[in-house]
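Enquirer: The chain contents come next:
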Amino acid sequence: MAVMTYREALNQALREEMRRDPRVFVIGEEVGLYDGAYKVTQGLLKEFGAKRVVDTPICESGFTGVGIGAAMLGLRPVVEMMTFNFSLMAMDQIVNTAAKLHYMSGGQFSVPLVIRGPGGPAAQLAAQHSQSMETYYYHVPGLKVVRPTTPMDAKGLLKSAIRDDNPVIFIESETLYHLKGEVPDDPDFLIPLGRAIVRRAGTDVTVVAYMGMMYRALEAAEELAKEGISVELVDPRTLRPMDTETIIGSARKTHRVVVVEAGAGFAGMGSEIAAFVTEQAFDDLDAPVERVTGANAPMPYARNLEKLKTPTTEKILAAVRRVCNANGS
Amino acid sequence: MAKTMAPQKATGPALDPGLVRKLLTDMLLIRRFEEKAAEAYALGKIGGFLHLYIGQEAVAVGATSVLRPDDYAISAYREHGHCLAKGSDPKRMMAELFGRRDGLSHGKGGSMHLFDKSVNFLGGHAIVGAHLPVAAGVAFAIKYEARDQVIVCYFGDGAVPQGEFHESLNLAALWKLPVIYLCENNRYAMGTSTDRALAQTQIWKFGQTYGIPSEKVDGMDVFAVRDVVGRAVERARRDTTPSLIEADTYRFRGHSMRDPAGAVYRTKEEVEHEKERDPIALLRQRALAGGALTEADVRAIEKDVSDRIDEAVAFADASPEPPAEGLFTDIYKEG
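Chains as they are written, first to last, in the working numbering: chain U, 1 to 329; chain E, 1001 to 1335.
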């Protein structure tokens, strides 16, 4: 184990996979000469050269399509979105082409492609740079959608995504790049896609969260422990396909579920989790599933409004107390 | 036009009978395939959208005739002709149009999404302009692996105002990719004529903007298409230079089967006038005038093609519907 930042873990994953497989290449805006807008691809140009670290002009649809075409011929492109918000320019390529080629061709062609970059709320980036873009993609059959919360997950999941034969949407976070954690050195360390992890075991309530929201949920769990409420924290890690078994298993154990998500709540991840928990474990529930979500508004710029938009630790505490009837009301 | 062309060629170099036979066979195969597909559509055996290529056959056949079998082709939704010309099996194509188990994609693609990996035909893409960057990506992979194949990317005039046309030409030129962008200008994007859609209706000139070889060709003359695409293929193979070619062509049918007359946005007189440029009639005439084929040869080719298409329809009719479990297969590639 080594201690490194989330950013370094991603960089190491890319480096190891590029060393392992000459078909892997990185393509996107500022990935080479500039060393990456967020320095995730730092040093890759120096080690692998311009053939495999390909700087593009600003044309998300164009270079995503290039990734898809290259993947159809068996290469394994890693397309970087400078931020995932820009992927909307490439949404047709991702949704209509990458996700559907295998199906429409009756299995003749596949698209072993990773599209990665940061997404979700950060710090005063305002409405166009703060969206939880996973919401747009986990609806689409044929895509896999990953949101890695820790440096270890960032490395293990990115390596699995690169080795996967399907298009994988891999959304990191500006707010986590500097975060440090333990990461295995083994170049074959992988975390399989589609498996959730229980980050903290508990008995009274299940809180489902990922990325920045997981860290707030952890804070809340520690606070609640002082009140005698034992919180189990489940991180889905892959949102599509989702490990519903682990979430259902936890719900059956604790009988209460709170879902935390940064994006706006309407038709969000919380809605889906609330639906399948209700469908599959209704008799085990002692309280309705609660959602703590971003407000149904675009992300404002002003610091105070941004805080109002975002799920905070206080809001998580309140929701958990409600489902546990521990708020004294 | 037909009248002026025949005497020109009568004084030109003699036509190679083997080549003429191949070109005429391939063009007729597309025409008969689609005529039968239109009949099957009227009978309800084919559903959804069906876009016929009738009138444009010289482009697909001329272009494919200068490719190697291991070269690639990719197209939009009016792609039956490109897929057939590339060598796909009409039986499996017709079965795909019928939505049957033995179709190229086991009935999951349909008319707009034909794919045939066995002949390097990469689809069948029905969002206008979207396959142009994909073609650049295929060319990128060819160059990345230092192979000497090329890709021909067919698209219509309707894709030209899309951003992806310009993004693709820019990337292909910037990175010197072995892709031939072959625009089939049939003058109408659905019902919108090029002069209502494009500030620059001379589509080939966009190639000049991006600094790549570009030319316009008579898309009704299969030999002219061969010449122009042949040069582009040679450039692409030799030094990975992309090209933009504008083929001046015309679709004799409507945009799709839901636009049967195709006459709201163009006059019947225009359509009848354009039919005088019928690429198959022109080729037949030249072949006969130049002595490359006899009337008996042509009749034999027509008979052979009709038989193959009848077989294709019978095959499609006999193929069962896809099994229910097919709904959930091939969403992801496993393992």
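The hints are simulated quantities; they were obtained by calculation from the structure and are not laboratory data. Wrong hints could be hidden among the right ones.
Computed list of chain E residues with no C-beta within reach of chain U, every gap over 12 Å [stated by the list, open to error]:
1) Ala1014
2) Ala1038
3) Lys1045
4) Gly1109
5) Leu1177
6) Gln1208
7) Glu1321
Pulled a few chain E residues facing chain U out of the computed Cβ check, cut under 8 Å [stated by the list, open to error]:
8) Asp1016
9) Asp1102
10) Lys1108
11) His1113
12) His1125
13) Ile1127
14) His1255
15) Ser1256
16) Tyr1332
From the three backbone atoms N, C-alpha and C, an ideal C-beta is built for every residue, glycine too.
Enquirer: Please verify that hint: Ser1256 (chain E), Cβ, nearest Cβ of chain U, below 8 Å or not.
Expert: Violated - the Cβ of Ser1256 (chain E) stays beyond 8 Å from chain U, reaching only about 19 Å at its closest.
Enquirer: Let's test the interface hint: is any C-beta of chain U closer than 8 Å to that of Lys1108 (chain E)?
Expert: 5 Å, holds
Enquirer: Given a cut of 8 Å on the nearest C-beta pair, is the interface hint for Asp1016 (chain E) held or broken against chain U?
Expert: 33 Å, violated
Enquirer: Beyond 12 Å from every Cβ of chain U: is that where the Cβ of Gly1109 (chain E) lies?
Expert: 5 Å, violated
Enquirer: Could you check that no beta carbon of chain U comes within 12 Å of the beta carbon of Ala1014 (chain E)?
Expert: 40 Å, holds
Enquirer: Given Ile1127 (chain E) was flagged as interface, is its beta-carbon under 8 Å from a beta-carbon of chain U?
Expert: 5 Å, holds
Enquirer: For the restraint on His1125 (chain E), tell me whether the closest CB of chain U is nearer than 8 Å.
Expert: 7 Å, holds
Enquirer: With d taken as the least Cβ-Cβ distance between Gln1208 (chain E) and chain U, does d exceed 12 Å?
Expert: Per Cβ check, Gln1208 (chain E) is outside 12 Å of chain U; nearest 19 Å; holds.
Enquirer: Holds or violated: the hint that His1113 (chain E) contacts chain U, with Cβ atoms closer than 8 Å.
Expert: 4 Å, holds
Enquirer: Would Glu1321 (chain E) pass as off the interface with chain U, using Cβ distances and a cut of 12 Å?
Expert: The claim holds: Glu1321 (chain E) sits with its nearest Cβ about 14 Å from chain U, beyond 12 Å.
Enquirer: Hint check: is the beta carbon of Tyr1332 (chain E) less than 8 Å from a beta carbon of chain U?
Expert: Hint on Tyr1332 (chain E): holds, closest Cβ of chain U at ~5 Å, below 8 Å.
Enquirer: With 12 Å as the threshold, tell me whether Ala1038 (chain E) passes as away from chain U on beta-carbon distances.
Expert: Since the minimum Cβ distance to chain U is about 23 Å, Ala1038 (chain E) lies beyond 12 Å and the statement holds.
Hint compliance for this structure: hints 4, 5, 8, 9, 14, 15 are broken, all remaining hints hold.
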